[in-house]
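Next come the chains, spelled out residue by residue.
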Amino acid sequence: MGAPYVVEFFPWAYIENQKGEFDWDHADALVDHARQQGLTVIARLGFVPPWARPEGASTSYLDPEQYNDLADFVAAVAEHYQGRVNDLTIWNEPNVNFEWGQRPPDPAAYTELLKAVYTRAHEKNPDVKILAGALAPNLASPGTPDAMNDLAFLDQMYQAGAKNYFDALAVHAYGWKAPAEEAPSPDRVNFRRTELLHNVMLKYGDDAKHVMLTEGGWNDHPRWTKAVTPAERIQNTIKAYDWCERTDWVDVCALWVFRTPAPTYTFNDYFSFVTPDFDPKPIYYEVQKYARGE
Amino acid sequence: MIDPSKKQKFVPHKRDGSKIENFRIGSLPPALLALALLAYLAYSFLFPPAPSKPDDTWTRIQNEKVVRIGIDPSSPPFIVDDGKGNLSGFDVALANEMANTWGVKIQWVYTGFDGLYDALNAKQFDLILSALPYNPTKTQDVYFTHAYFNGGPILIVRGDDATTTDLDKLQGRAIAVELGTNGDAVARKWQKRYNLQLRQHNTAQDALRALQKGEVSAAITDPIAFYDFQRAEADTGVGLNAMNWRIVGAPLAGENYIIAVRRDSPTLLHEINAVIDELKRDGRLEELQKENF
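Chains as they are written, first to last, in the numbering used here: chain A, 1 to 294; chain B, 1 to 293.
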């Protein structure tokens, strides 16, 4: 398809199933294969193992007492994959209750988590980039227990002192029904909401830091309320890549999702570029043409 | 005729009808065993266990004269809520046919699409009828009825084209598709083999208009878009009508819509299948499609 990057999930529970015992077998195979295809891997780290969380807690639940355990894991990943995987995303969508251990999102706690892992990772691999954020774009009102507005969450991360504890901001840029070029606005979830997140970075003097889109895009399910038509999805996707190309503070534009392992028989199947059988969808060929400059 | 309600003991026979003595499964060739297994699986799929034991759900439907149907009412043109609690669409029409046949009323139970299977198995309703695509990963959890609609892309030609009987007859000719759809994907797959000249349009309507104007020899769209176009054009009095278009063969890919019931509802399953089969046989199902798409 012409993609230079791939975002892959490295579940903590799979690799460090017992404290201090690391099983790199599957992750190594994945990294080796991706590199053989010319792909740069961005690792998404999360999925708390049972030994690091209370019994019955979800895999996104981590108490502050266990932040150093996560730091040990991140440091081990940084060391093991030095020179092969340098971009590590810490957690996924911590501004959503579901991704924060079924608790109200807490930007200060997430910042503490970043502080715990940042220095340890850099000690093991000076070239490592710690990606923070990966926030779920949403318009939740203040006090909503299920989710916290992504702009507010990032602002409060800075207020909690996150600035010196991440190297790039991971952004999830979903367009829903809006065209790629629609201007950003705090009361709209659209692709260019990314610019509003960047504005928060600028507000706190974080000018030198770049953004990496690690999720995003459009869905073309025939009936889902947030979907566009297949043609609109293709056109928006190409425009999104083009916008990233032209925006000097954006380094990566990785959209959701190349493939799902199995069909879900829901709207989720209509985010992918190839089927579970690796059958390319038309959007795959259109992106390929764009990547080739055709 | 096979009576699926009666279990039949398998007794091996020779060709002349005499019993094979000391028969052992292990003495059969592997290929024959595999074939037998496949035949059994196919039979099990086509004829799931018949009502050999009481079906409490069907009994309750009969006693209370109410069937409870789980829906996500956000799937036009299958099921639409007008905001005042009035439902319409193809699935609603099909549900009405079932209820009329059984002499019962319908109680609609609203559920988000992702929660339909869980709610069914939690007995919050009796069946799911909600633009539900066949899902092979759920066959251990529920029974699926016969398909009542195939949403796969269809090949359409003008009515005066009597020679196009399949894609093979379109060698080197131009075909219109809606960019990015399953129809587009199918056309791209066959493009090299038949040297098809693909004309990609942003909407199904544009693709069909290209066929209407004779700019292409055929169009591939999804059937809902086609019926929708047909109706809209008929309303204007200038469009395609029954005289000047033809659907060529079966859909080019399968996207079957089915109804799901719990695995403890074999009688309900058979009763639904009987309604679907009868509607297919007498042409009423196609009429309901045309009325609602």
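Because the hints were derived from the structure by calculation, they are not lab data. Where hints are given, some of them may not hold.
Said to hold, decoys possible - Straight-line C-alpha distance at most 25 angstroms; calculated DMTMM-like pairs for lysine to aspartate or glutamate:
1) A/K226 x B/E287
2) B/K192 x A/D251
3) B/K138 x A/D279
4) A/K177 x B/D166
5) A/K289 x B/D206
6) A/K239 x B/D206
7) A/K177 x B/D81
8) A/K226 x B/D81
9) A/K177 x B/D206
10) A/K226 x B/D166
11) A/K226 x B/D118
12) A/K177 x B/E287
13) B/K192 x B/D166
14) A/K209 x A/E195
15) B/K189 x A/D277
16) A/K115 x A/D187
17) A/K177 x B/D118
18) B/K189 x A/D63
19) B/K189 x A/E294
20) A/K226 x B/D82
21) A/K226 x B/D72
22) A/K226 x B/E255
23) B/K189 x A/D279
24) A/K124 x A/E21
25) B/K138 x A/D269
26) A/K209 x A/E79
27) B/K138 x A/D277
28) B/K105 x B/E287
29) A/K124 x A/D251
30) B/K192 x A/D279
31) A/K177 x B/D228
TODO: Please work out if B/K105 and B/E287 have their alpha carbons no farther apart than 25 angstroms.
DONE: holds, 22 angstroms
- [ ] Would you mind confirming whether the straight-line C-alpha gap from A/K177 to B/D206 stays at or under 25 angstroms?
- [x] holds, 21 angstroms
- [ ] Starting from A/K226, check that the Cα of B/D118 is at most 25 angstroms away, please.
- [x] holds, 23 angstroms
Open item on the list: B/K138 and A/D279 were given as a pair; does the straight-line alpha-carbon distance stay at or below 25 angstroms?
Closed with: holds, 23 angstroms
Task: A/K226 paired with B/D166 [C-alpha distance capped at 25 angstroms] - done: Status violated; Cα separation ~36 angstroms.
Open item on the list: Next pair to validate is A/K239 with B/D206; report whether the Cα-Cα distance is within 25 angstroms.
Closed with: Holds: A/K239 and B/D206 sit about 23 angstroms apart, inside 25 angstroms.
Open item on the list: Between the alpha carbons of A/K124 and A/E21, is the straight-line distance 25 angstroms or under?
Closed with: holds, 17 angstroms
- [ ] Starting from A/K226, check that the Cα of B/E287 is at most 25 angstroms away, please.
- [x] violated, 31 angstroms
- [ ] Could you grab the alpha-carbon distance between A/K124 and A/D251 and see if it respects the 25 angstroms cut-off?
- [x] Since the Cα atoms of A/K124 and A/D251 sit roughly 24 angstroms apart, the hinted pair holds (cutoff 25 angstroms).
Open item on the list: Check whether the Cα positions of B/K189 and A/D279 lie no farther apart than 25 angstroms.
Closed with: Measuring from Cα to Cα gives roughly 10 angstroms; hence the hint holds.
Task: 25 angstroms Cα cutoff - pair A/K209, A/E79 - done: With Cα atoms ~23 angstroms apart, A/K209 and A/E79 stay inside 25 angstroms; holds.
Task: Distance restraint between B/K189 and A/E294, which requires alpha-carbon spacing of 25 angstroms or less - done: Roughly 20 angstroms between the alpha carbons, so the hint for B/K189 and A/E294 holds.
Comparing the model with each numbered hint stated earlier shows that hints 1, 2, 4, 10, 12, 16, 17 and 18 do not hold.
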